[in-house]
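Engineer: Residues per chain, in single letters:
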Amino acid sequence: SQTIHQWPATLVQPVGSPLSLECTVEGTSNPNLYWYRQAAGRGLQLLFYSVGIGQISSEVPQNLSASRPQDRQFILSSKKLLLSDSGFYLCAWSPAGGWDEQYFGPGTRLTVT
Amino acid sequence: AQSVSQHNHHVILSEAASLELGCNYSYGGTVNLFWYVQYPGQHLQLLLKYFSGDPLVKGIKGFEAEFIKSKFSFNLRKPSVQWSDTAEYFCAVNVGLGYGGATNKLIFGTGTLLAVQP
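Just so you know, the sequences run in chain order A and B.
Numbering-wise (the numbering used here), the first sequence opens with residue 1220 and increments by one.
Numbering-wise (the numbering used here), the second sequence opens with residue 23 and increments by one.
Derived by calculation from the structure, the hints in this document are not laboratory data.
For each residue, glycine too, the CB sits at the ideal point set by N, CA and C.
Heads up, some of the hints might be wrong.
Stated by the list, open to error - One-sided and incomplete, this derived list gives chain B residues near chain A with beta-carbon spacing under 8 Å:
(1) L66
(2) L128
(3) F130
(4) T132
What the hints assert, rightly or not - With beta-carbon atoms standing in for the labels, derived distance ranges:
(5) B:S92 / A:F1307: 28 to 38 Å
(6) A:S1220 / B:Q104: 26 to 36 Å
(7) B:Q104 / A:Q1221: 21 to 31 Å
(8) A:G1260 / B:L78: 38 to 48 Å
(9) B:H29 / A:G1246: 30 to 40 Å
(10) B:A38 / A:Q1289: 48 to 58 Å
(11) A:T1222 / B:P62: 14 to 24 Å
(12) B:I34 / A:Q1274: 38 to 48 Å
(13) B:W105 / A:S1284: 36 to 46 Å
(14) B:I90 / A:S1220: 29 to 39 Å
(15) A:A1228 / B:I82: 36 to 46 Å
(16) B:S36 / A:Q1221: 13 to 23 Å
(17) B:A38 / A:S1286: 45 to 55 Å
(18) A:S1284 / B:A38: 43 to 53 Å
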């Protein structure tokens, strides 16, 4: 069966520091991968998606970037964090080539101080 | 732009009460529709989905939803809620991204926090 992992679970970082959040998927090949940010009362906002290695699309302009160095690895990064980057970040995957459901990871709670 | 509206932000019910959570979307093309649930401290997980066919779909834990195309709605229902249904519920619509082939983009509503009192 497929599983999705995210780490770290929680992170507290000072303003201006770099960020790296990692997401890995097991048990499937060539998945579509997604990064979302969840804010209270605002639902989930899609930040990035990827349909293959090295293929990244950004949905909203922001201080963050994403990379997909391996088929089942998706990384969310920032060179210098802002206070507004605080939030709950969710990684998700879905099977390629279809409109099926997405499967979500446990999330990372990021607090920028 | 596509959007999903959940009109009930916070709902409080007593056990055994009936539940209906509203969801409306704005998109004129083909859509797939989902309800996700996030129990306290747990992953976001799928409750039910509609792709085609019978507009009344049944999901896990006794939940069901009805797709009414003319109203652009996909309301979630449960005849009798339990304390364990306390969670946040998200409606989502899937529209194709068309990035080098079929893929999908989920647009989420803002969520409804359901609290069931024992």
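Engineer: In this structure, is the beta-carbon distance linking B:S92 and A:F1307 contained in 28 to 38 Å?
Structural biologist: 36 Å, holds
Engineer: The hint names B:T132 as touching chain A; please verify it with the least Cβ-Cβ distance against 8 Å.
Structural biologist: Holds. Min distance 4 Å.
Engineer: Do the beta carbons of B:W105 and A:S1284 sit within 36 to 46 Å of each other?
Structural biologist: With a Cβ separation near 43 Å, B:W105 and A:S1284 satisfy 36 to 46 Å, so the hint holds.
Engineer: Using the beta carbons of A:S1220 and B:Q104, state whether their distance is inside 26 to 36 Å or not.
Structural biologist: For A:S1220 and B:Q104 the Cβ distance comes to about 27 Å; the hint holds.
Engineer: Can you tell me whether the CB distance of B:I34 to A:Q1274 sits inside 38 to 48 Å?
Structural biologist: 45 Å, holds
Engineer: Would you say the C-beta atoms of A:G1260 and B:L78 sit inside 38 to 48 Å of each other?
Structural biologist: 30 Å, violated
Engineer: Do the beta carbons of B:Q104 and A:Q1221 sit within 21 to 31 Å of each other?
Structural biologist: Holds, at about 29 Å.
Engineer: Within 29 to 39 Å or not, the Cβ separation of B:I90 and A:S1220?
Structural biologist: 34 Å, holds
Engineer: For the hint on B:F130, does the least C-beta distance to chain A fall short of 8 Å?
Structural biologist: Since the shortest Cβ distance to chain A is 4 Å, the answer is holds.
Engineer: 36 to 46 Å was suggested as the range; check whether the CB atoms of A:A1228 and B:I82 agree with it.
Structural biologist: 25 Å, violated
Engineer: Per the hint of 14 to 24 Å, is the separation of the Cβ atoms of A:T1222 and B:P62 within bounds?
Structural biologist: 21 Å, holds
Engineer: Does the Cβ-Cβ separation between A:S1284 and B:A38 fall within 43 to 53 Å?
Structural biologist: 49 Å, holds
Violated hints, listed in ascending order, are 8, 15 and 16; each of the other numbered hints is respected by the structure.
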